Structure formats: C-alpha cells, structure tokens
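Undergrad: Listed here are the chains, written in short residue letters.
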Amino acid sequence: MRADLNVIAQWVAPQARVLDLGCGDGRLLRHLWHEREAPGYGVEIDDAAVLGCVENDVNVLQVDLESGLSLFADRSFDCVILSETLQTIHRTELLMREMLRVGREVIVSFPNFGHWNARLQVALGRMPVSETLPYEWYETPNVHHCTIVDFEDLCRRLRVRIRERLVLHAGHPVTFLPNLLGSLAVYRCTAG
Amino acid sequence: MNAPHDPSSVGAVTAQKARFDKPLRLKGGAELPSFELSYETYGELNAARSNAVLVCHALNASHHVAGFYAEDQSNIGWWDNLVGPGKPLDTNRFFVVGSNYIGSCFGSTGPASINPTTGKPWGADFPVVTVEDWVEAQARLADHLGIERFAAVIGGSLGAMQALQWTLSYPERIRHSLVIAAAARLTPQNIAFNEVARQAIMTDPDFHGGHYYDKGVVPVRGLRIARMIGHITYLSGEAMAEKFGRLLRRGAPGFDFDVDFEIESYLRYQGDKFSTYFDANTYLRITKALDYYDPAADFGGSLSAALARAKAAFLVVSFKSDWRFPPPQSREIVRALLDNRRIVSYLEIDAPGGHDAFLLEDARYHNALRAYFGNIEL
Numbered sequence: 010m011r012a013d014l015n016v017i018a019q020w021v022a023p024q025a026r027v028l029d030l031g032c033g034d035g036r037l038l039r040h041l042w043h044e045r046e047a048p049g050y051g052v053e054i055d056d057a058a059v060l061g062c063v064e065n066d067v068n069v070l071q072v073d074l075e076s077g078l079s080l081f082a083d084r085s086f087d088c089v090i091l092s093e094t095l096q097t098i099h100r101t102e103l104l105m106r107e108m109l110r111v112g113r114e115v116i117v118s119f120p121n122f123g124h125w126n127a128r129l130q131v132a133l134g135r136m137p138v139s140e141t142l143p144y145e146w147y148e149t150p151n152v153h154h155c156t157i158v159d160f161e162d163l164c165r166r167l168r169v170r171i172r173e174r175l176v177l178h179a180g181h182p183v184t185f186l187p188n189l190l191g192s193l194a195v196y197r198c199t200a201g
Numbered sequence: 002m003n004a005p006h007d008p009s010s011v012g013a014v015t016a017q018k019a020r021f022d023k024p025l026r027l028k029g030g031a032e033l034p035s036f037e038l039s040y041e042t043y044g045e046l047n048a049a050r051s052n053a054v055l056v057c058h059a060l061n062a063s064h065h066v067a068g069f070y071a072e073d074q075s076n077i078g079w080w081d082n083l084v085g086p087g088k089p090l091d092t093n094r095f096f097v098v099g100s101n102y103i104g105s106c107f108g109s110t111g112p113a114s115i116n117p118t119t120g121k122p123w124g125a126d127f128p129v130v131t132v133e134d135w136v137e138a139q140a141r142l143a144d145h146l147g148i149e150r151f152a153a154v155i156g157g158s159l160g161a162m163q164a165l166q167w168t169l170s171y172p173e174r175i176r177h178s179l180v181i182a183a184a185a186r187l188t189p190q191n192i193a194f195n196e197v198a199r200q201a202i203m204t205d206p207d208f209h210g211g212h213y214y215d216k217g218v219v220p221v222r223g224l225r226i227a228r229m230i231g232h233i234t235y236l237s238g239e240a241m242a243e244k245f246g247r248l249l250r251r252g253a254p255g256f257d258f259d260v261d262f263e264i265e266s267y268l269r270y271q272g273d274k275f276s277t278y279f280d281a282n283t284y285l286r287i288t289k290a291l292d293y294y295d296p297a298a299d300f301g302g303s304l305s306a307a308l309a310r311a312k313a314a315f316l317v318v319s320f321k322s323d324w325r326f327p328p329p330q331s332r333e334i335v336r337a338l339l340d341n342r343r344i345v346s347y348l349e350i351d352a353p354g355g356h357d358a359f360l361l362e363d364a365r366y367h368n369a370l371r372a373y374f375g376n377i378e379l
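Chains A and B, in that order, are what the protein sequence lines are. Heads up, the first sequence is in this note's numbering, so the first residue is 10 and it goes up one at a time. Heads up, the second sequence is in this note's numbering, so the first residue is 2 and it goes up one at a time.
Hints should not be assumed to be uniformly reliable.
[To be verified] If you want the footprint, here are the derived chain B segments under chain A, 3+ residues with CB under 8 Å: (1) 331 to 339; (2) 346 to 359; (3) 366 to 378.
[Unchecked claim] Residues on chain A that point at chain B, a partial pick, calculated with CB under 7 Å: (4) Asp56; (5) Leu60; (6) Glu64; (7) Asn68; (8) Leu70; (9) Ala82.
[Said to hold, decoys possible] Derived CB-CB ranges, DEER-like: (10) A/Tyr144 - B/Ala13: 49 to 57 Å; (11) B/Asn76 - A/Ala22: 55 to 63 Å; (12) B/Glu45 - A/Glu173: 49 to 57 Å.
Just so you know, these hints were derived from the structure itself, not from any lab. Please read these numbers as outputs of a predicted model, since none were measured by experiment. Every residue, glycine too, gets a C-beta built ideally from N, C-alpha and C.
The task is simple: from the sequences and hints, build the whole structure.
TA: Written out as structure tokens, the structure is:
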C-alpha cells in the first residue's frame with residue numbers, strides 16, 4: 010500500500026465507520042475491513058476504479074465529489090478520508106466543510122508542493138514532476154496544489170483543529186523542516 | 002449470434018406455469034380466488050438451494066428472459082445478453098427464475114383470463130394490481146420452487162421496483178437486491194406520461210370500457226399511441242439523434258402526412274408491432290402499478306423510514322442519459338439506504354441509451370454486474 014495509506018489505516022479506530030473519498034479501487038477500505046473491522050463506503054467517479062471496488066467487494070458510490078456530499082447525513086461517519094485527492098478538487102473549501110459535516114473526524118493527505126524538489130524545479134522555470142507529483146502540467150488531474158503551510162492556513166480559516174500530522178518522504182517520517190523535506194503530508198482533523 | 006449452438010446461450014427453453022389455489026388478497030382490496038403465474042428457469046438449483054436469482058421484468062417484457070423457443074428460434078429472451086452460461090448472470094453458477102406477474106398478458110392470470118365467477122374474460126373487471134401484489138405472487142412461486150431465500154432479485158425499471166419491494170415484503174428471503182434504472186416513486190412528470198398512454202387507450206372507440214374481448218376488436222390505435230409515447234421517453238435525445246438524425250424516409254419531404262422522417266417510421270413500426278401482441282387492459286394496469294408504487298407513502302413520505310426494514314445488500318445502477326427514471330431518483334434510494342447503514346453500492350453509468358440502457362450491453366455496466374454476481378457467496 011501507499012505510504013500515506015499505511016498511516017491512515019493506523020489512525021482509523023477499530024470498528025469505525027469510514028467514508029473514503031476518491032477511494033480508487035477500494036484497497037484501503039478493504040484493508041480497513043480486514044484489519045480493523047471498520048465498515049465503510051468509498052466515493053469514486055472513475056469507471057475503472059469503481060469496477061475495481063465492486064471486484065474487491067467494497068461498497069462504492071459513483072458520485073461527483075465536486076457537488077458535495079449530499080448523499081450523506083450529518084455526523085454519519087466516524088472518519089472521512091481524503092487521500093491524495095485534495096489537490097484534484099475544484100471546490101476545495103466546500104468539500105472540506107462537507108467532510109466536517111458528515112464525519113466526526115477527517116483524515117487528509119496530499120503531496121506537499123513545498124518540498125525542496127518542487128521548489129527547485131519551479132525556481133529553474135519548470136512545473137515540477139516527481140514521485141509524488143508524477144504528471145506533466147498538460148495532463149495532470151491536479152488543479153489546486155498546496156504546501157503544508159498553505160493547508161494549515163486553510164484549516165485555521167475554516168476553524169479546523171489539527172489533531173495529528175505526519176509528514177513523509179519516500180515512506181519515512183520527516184520531522185526536521187517538514188515543509189521543505191517532506192513530499193507527502195497526512196493530517197487528522199476535527200471541527201472546532 | 003444466438004443460434005442453437007451458441008455456447009453462451011441457455012439454448013431452447015420452455016415456459017412453465019404454476020397454479021395457486023389459495024386466494025390472493027390484493028393491496029387494492031380485491032381478492033383473486035386463484036391465479037396462475039408463468040415463469041421460466043435456467044441453470045440448476047443447487048443442493049443447498051442457495052443459488053436462486055429472481056429476474057423481474059418491466060412493462061412490456063415477460064418471463065422469457067433468456068434463450069429461445071424451439072418452435073420460434075427468433076424469439077430470444079429480453080435479457081439474453083445478461084443471462085446465460087458465462088454471462089454476467091452466469092447460469093453455470095446460478096439458478097435463474099424469470100417470473101411473469103399477475104395482470105400480464107403473457108400467460109399469467111390477467112384481464113384476458115376467464116373470470117371463474119362469470120365464465121367470461123375478466124376484461125375491465127380485473128382488479129388493479131400493485132408491485133406489492135406481484136411480490137406476494139412471486140413469493141408463492143418461490144415456495145412452489147422450493148426456494149426459501151433468493152441469493153438475489155434483479156430488475157430494471159418496473160422490475161427494479163419489484164427487486165426493491167422484495168427487500169421490504171420479505172427481508173429475510175433476499176440476500177442481494179439489484180435495483181437498476183429505478184425510482185422508488187415516480188415523479189409527476191413520469192406519471193403524466195403514463196396518463197397520456199392510458200388516455201390514448203381509453204378514448205379509443207374500440208376500447209369499449211375494457212370489455213372488448215367479446216366484441217372481436219382491439220383498441221389498436223390507443224395501444225399504438227401509448228407505445229409511441231413510451232418509446233420516446235425510453236430513448237435519450239442523443240440516442241435518437243444518433244440512430245435517426247433527420248433522415249428522410251423518401252429522400253425528400255413529401256409535403257403530406259405520410260412518413261417523412263425515419264423517427265416517424267420507427268415509432269409507427271414499434272406502435273404497430275406492440276398493438277399486435279400486447280393487451281390494452283394489461284397496459285392500463287401496469288402503468289397504474291407504476292404510478293401507485295411508493296413504499297414511503299406509509300411512512301409520512303420518508304423513504305429512509307420505509308427502507309429501515311430492508312436487510313439485503315444492494316447494488317443500485319442508473320444511467321446518466323435516462324430522463325424517464327433519471328439518476329436523482331436512484332440517488333434518493335441510495336441515500337435512504339445509507340441512512341439505514343445498509344450495504345450498498347451505486348453506479349451511475351455514462352451510457353447514451355436513455356432508459357433502455359439497462360437492456361443494452363455496455364462493458365462498464367455488464368462488467369460491474371459480473372463482478373457483483375461473482376462475489377455473491379453460494
């Protein structure tokens with residue numbers, strides 16, 4: 010599994026009700042069900058990924074995250090997960106609010122645009138391409154890149170309380186200068 | 002492709018009939034003293050009796066779901082692309098039951114059947130039947146076949162209403178419900194189309210208030226128009242444009258009222274064909290069953306409260322181009338299931354076929370059904 014997914018899996022309490030937004034083929038949900046007995050639903054828009062979920066026997070709902078989470082009642086999940094999907098969302102603020110509405114807790118992971126390698130490539134006049142940012146600018150699904158500092162600013166603005174943060178590079182935790190040396194950030198947040 | 006040697010076809014099949022002599026009390030208050038149901042089966046019921054799948058049909062179809070009749074090989078089942086050996090609903094693994102419903106004109110007890118109290122066809126006196134009544138009758142059929150619990154019940158459109166109602170009438174007798182191109186309750190717009198169809202039939206001079214059997218006539222004009230309006234709503238505008246465009250039948254406008262455009266020719270053909278095999282009294286009753294269906298009605302309009310009884314796992318599928326049963330209506334079902342923390346997956350397939358897409362082969366749709374059925378434990 011991807012490094013951030015391992016972190017996320019450890020943060021999900023046993024038997025928690027989980028909503029995984031942009032769940033891909035459902036491997037995290039399947040893992041959570043087998044390891045934590047945590048039942049869940051995935052939300053995914055891509056046809057191939059949705060089929061993967063059905064094949065993996067994971068509950069999947071093919072709806073567009075951009076239109077919010079109107080399928081889900083307030084506080085109907087213990088944990089709402091958005092793993093490496095934040096940067097693909099157009100209406101970021103709306104989705105953050107919606108996640109905090111339907112979940113008691115929110116886990117978000119994203120590629121850190123503040124990583125030195127990205128900064129260097131921009132400084133040299135090019136859009137960055139790396140392991141965590143694997144797309145050329147003309148084919149990327151990403152629309153809203155942010156750095157660790159940017160994300161924490163947004164959390165303050167939305168009155169989101171950060172409960173836990175783990176910054177990674179190449180699968181290993183980064184504690185020294187995380188916004189410069191970390192390529193992937195994972196947050197556990199709650200409202201207020 | 003469906004020639005007798007096609008290994009993915011269930012091959013030649015025979016329609017069967019089951020007779021039930023215990024009276025059936027209908028939702029509308031009437032009682033059928035006895036009734037018959039037509040059905041077909043494909044595959045084998047396993048020893049544990051755990052592999053039965055009920056297929057419910059929509060408005061104009063029948064229990065003839067798959068295969069063909071030896072005496073009429075061109076009469077291929079309406080969901081033959083889904084049901085057969087190695088197909089998404091694999092008859093090597095599942096025992097598939099195609100059930101007709103009461104009120105139909107395909108062999109089950111209906112308006113054209115003989116009313117035992119008068120010795121004449123029921124005609125207009127045949128009661129209005131509901132989706133709930135159909136499920137009651139199908140439950141009797143399940144008893145008759147020795148099926149305590151269905152592995153799954155599947156249907157599209159009106160068939161999906163039955164698949165949903167099964168989870169409410171008999172929550173313990175169904176493990177999976179596949180609800181396709183569905184609505185838990187019709188919108189006024191949808192009811193409006195049904196009403197136009199009924200008016201076309203009932204204002205046909207050959208309708209005779211529903212007692213036309215002994216007059217030797219059929220309200221052909223009404224049936225034709227009913228079918229034409231139905232067909233318009235089953236296709237998406239996109240599919241219609243793709244299929245017919247503005248093509249002219251005679252190459253140039255005729256400046257008369259014969260067929261000009263291909264779409265006119267298509268609708269007339271479909272209307273003519275339909276009026277030769279479908280019964281007008283049946284059409285009236287089936288559209289009423291569609292209009293009346295609303296499991297939330299007894300729960301103050303709350304679909305969530307209505308579905309609290311359901312225990313099955315659900316697969317809900319809608320098609321983006323379907324404007325007769327559009328995706329928001331399926332999402333309403335999904336939302337109610339989520340409120341009840343049911344197991345549910347929902348697919349919204351971007352297929353161009355309109356409401357009819359549920360009958361068509363689409364890789365995304367069929368692969369998902371194949372995967373879903375594949376994960377059903379026997």
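Undergrad: Of the hints given before, which are not true for this structure?
TA: none
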